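**Q** Protein sequences, first through last, are from chains L and P.
Using UniProt numbering, the final residue of the first sequence is 335, and nothing's skipped along the way.
Using UniProt numbering, the final residue of the second sequence is 335, and nothing's skipped along the way.
Keep in mind that the hints were calculated from the coordinates and are not lab data.
Where hints are given, some of them may not hold.
Copies of one chain are not kept apart here, so a pair can be met inside one copy or by any two copies together.
Keeping only pairs whose Cα atoms sit at most 27 Å apart, straight-line, the calculated BS3-like set for lysine-lysine is [claimed, not checked]:
1) K298 <-> K50
2) K99 <-> K66
3) K259 <-> K226
4) K17 <-> K50
5) K100 <-> K199
Everything numeric in this text was worked out from a predicted model, so none of it was measured.
There are 2 protein chains.
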Amino acid sequence: MAAERVVEIKNKQVLFKDYVRDSLESDMCITTEKTISLRVPEGTKGVVVKNLCLSCDPYMRNRMNKSEIDGFFSSYSPGSPITGFGVAKVIDSRDTNLKKGDLVWGTTGWEEYTFIEPTNALFKIEHTDIPLSYYTGILVAKAKKGEKVFVSAASGSVGQLVGQFAKLMGCYVVACAGSIEKVDLLKHKFGYDNAFNYKEEHDLDAALKRYFPEGIDIYFENIGGKMLDVVLLNTRNFGRIAVCGMISQYNQENHEGIKNLMEIIYKRVRVEGFLYFDYLLQYSKFLETVLPLIREGKMDYIEDLAEGLDNGPAALVGIFSGHNIGKQVIKVAHE
Amino acid sequence: MAAERVVEIKNKQVLFKDYVRDSLESDMCITTEKTISLRVPEGTKGVVVKNLCLSCDPYMRNRMNKSEIDGFFSSYSPGSPITGFGVAKVIDSRDTNLKKGDLVWGTTGWEEYTFIEPTNALFKIEHTDIPLSYYTGILVAKAKKGEKVFVSAASGSVGQLVGQFAKLMGCYVVACAGSIEKVDLLKHKFGYDNAFNYKEEHDLDAALKRYFPEGIDIYFENIGGKMLDVVLLNTRNFGRIAVCGMISQYNQENHEGIKNLMEIIYKRVRVEGFLYFDYLLQYSKFLETVLPLIREGKMDYIEDLAEGLDNGPAALVGIFSGHNIGKQVIKVAHE
């Protein structure tokens, strides 16, 4: 009787320590080591993957709050590994759509190896000529048509894409970021019509009036707080605010109050939140559009790579003070 | 040469005195008397009307602020009559679409007689079997389809219609108002599924959770402030907030900050402001729908009538403390 050999291996993990109330510090996690079987348990249908790179995203901060929200945005469990998007290689599979050696992206753990139970949220990567880590970020963007577009946090993972899409659509695009270096990137690499460093503007309202004398048609909201309040003052009639994130608020237990919501009435503004996973069915169409643009150099995508799982927590903390230039990614393994 | 006789008549007027900063008091106006010609001046194309009833609407408070907004919501001019919606009878006309004796509704002055320059915003009233003053209010409502509907300020001019439309569409409707008498009206006259007195709820969040254990699909926003903040906590995924007004804020120079806007992201909520005049082209269709409903008694419309122009300012002030039950109207003349 040939018993199947169970291969166990050491697995470094980044565990979530405990709920966070205010600012994120990198001691919210501890690194530990366990063993993991590289075989998918019999009777189950998942895959075991080797994680190659992991995504650092602002929403992860919110999962560190104690909350009762179910599902995708439920709180992390103290003592369990952080989870998030990642790119990984299949080591063993009982999923009929995936085989050993396939590259996938989806939700995985902050660890070297992860057993992923059957889920719809694991995608096979078909095009490996684009750096793999792009898959951790580029899918999140959602372009909107329009004329005068303002993008905040514009050198971040999502912001950098939004502005470029808007430019490709023939929009007037002005973006803001938090350093001269980033502003330079926005102007000269991404080719926006203009860009400014919000940290150097004493009067954000005046800044917006300078760049948008006729007002803003579309605001792509990544920041929240004061920025949202002044944007409301500067929207045009029938302006739209696509709410992707409010990173300025995530480290605050008491959120800033937004006072200019009455502008919504008189200007008939539409404010709408969205999450990438409502658009997963359009993902292949998105790739059809985006991959040629990247290959032909018509679109740039900038990453900020942290090397090694150990540097993960600090990298995640860094995005809340604008440490990253481009999408923050953690490189766990090279293949 | 038969000179045309110019008929001049005394014209009582309610003049806007000066900009208001905080709470509205009825001394924001003064009553005065001038003379007016009952003939449309030669070379112009307007109409002279005798005002029959005038509408008291919350947005009028905002026109008493000093502001630089142009157009429909521009500030009132100190020393000039208050303007607003009204129903009036044509006394003289050089407008080819209107003749002496026609009943019209549109923007008119708080005075006995008004010369109205040519404008698109004057509508001939074709159906006089519905009380005329209904025209000052009923056109503003805009029903939305959906399941679980919450209406605030639900016994006011707009709120009372919204909930009834939602009921006719088969929605579950819960509404709130500020007195037992109003709540009774909402439950027993309008037939809502439930209603509550928000002034008696110490914990609005708990109240909403009681009436909407599964959350709110559509919130029809008339109030703003705290109510909006707790509604955001209680919306369902893909909830919609139709923003019609924020009456709780109009008397405040510093508006309350809304803190729960992050809910918009995770629940993909759409918040959208609207103004009736974007829908004027649909007005005849609206009448086709609503007039039979009123005639057949399937829809109620409650008015709070103040008698006489002199009582206008106090009636307008009253709506900000919930003094009115139903739409507040000023009866200026009976015909």
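**Q** Which of the numbered hints are not met once you compare them with the structure shown?
**A** Going through the list in order, the structure violates hints 1, 2 and 5 and respects the others.
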